[in-house]
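Oh and the sequence shown: position 53 is 53 in my numbering, straight run, nothing missing.
Quick caveat, the hints were computed from the structure, so don't treat them as lab data. Positions of the beta carbon are idealized from the N, C-alpha and C atoms, including for glycine. A few of these clues could be false.
Stated by the list, open to error - Ranges between beta-carbon positions, derived for each pair:
no., residue 1, residue 2, range
1, Glu29, Val90, 44 to 50 Å
2, Gly69, Glu29, 18 to 24 Å
3, Gln75, Glu29, 20 to 26 Å
4, Thr70, Val90, 48 to 54 Å
5, Asn33, Leu86, 37 to 43 Å
6, Tyr48, Gly69, 30 to 36 Å
7, Asp26, Gly87, 37 to 43 Å
8, Glu63, Lys40, 16 to 22 Å
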Amino acid sequence: MGERRRYMNDMIICRCEGVCLSEVLDAVEDGANSVPGIKKRVRVGMGYCQGRVCQPIVRDILESKLGNGTKPHLQRAQNPVRPVILGDIVR
Numbered sequence: 001m002g003e004r005r006r007y008m009n010d011m012i013i014c015r016c017e018g019v020c021l022s023e024v025l026d027a028v029e030d031g032a033n034s035v036p037g038i039k040k041r042v043r044v045g046m047g048y049c050q051g052r053v054c055q056p057i058v059r060d061i062l063e064s065k066l067g068n069g070t071k072p073h074l075q076r077a078q079n080p081v082r083p084v085i086l087g088d089i090v091r
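Let the sequences and hints guide you as you build the complete structure.
Structure (structure tokens):
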């Protein structure tokens, strides 16, 4: 049972930033009670996808941990900035 729990806590929640489930759970235990609060603590949702993939998962985790029956609000997704070639800036 302990091995399975450790495996589950090492599950990647945010692929862009490499945030594990254990880090999200630690943020909730540290007092984060919203998706932006978790984002500020562990950088979940700050990668290339801007949380389009991981924020619904974080919201569900937060909802199950808080247990108040309401779905926490997601942050509004922002478009990724178009990549710029460094040579175009330096010229």
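For each hint, the structure was consulted:
1. Glu29 x Val90: 44 to 50 Å: holds (46 Å)
2. Gly69 x Glu29: 18 to 24 Å: holds (20 Å)
3. Gln75 x Glu29: 20 to 26 Å: holds (21 Å)
4. Thr70 x Val90: 48 to 54 Å: Since Thr70 and Val90 have Cβ atoms about 50 Å apart, the given range 48 to 54 Å holds.
5. Asn33 x Leu86: 37 to 43 Å: Holds, at about 41 Å.
6. Tyr48 x Gly69: 30 to 36 Å: holds (33 Å)
7. Asp26 x Gly87: 37 to 43 Å: holds (42 Å)
8. Glu63 x Lys40: 16 to 22 Å: With Cβ atoms ~18 Å apart, the hint holds.
Checked against the numbered hints above, the structure breaks none of them.
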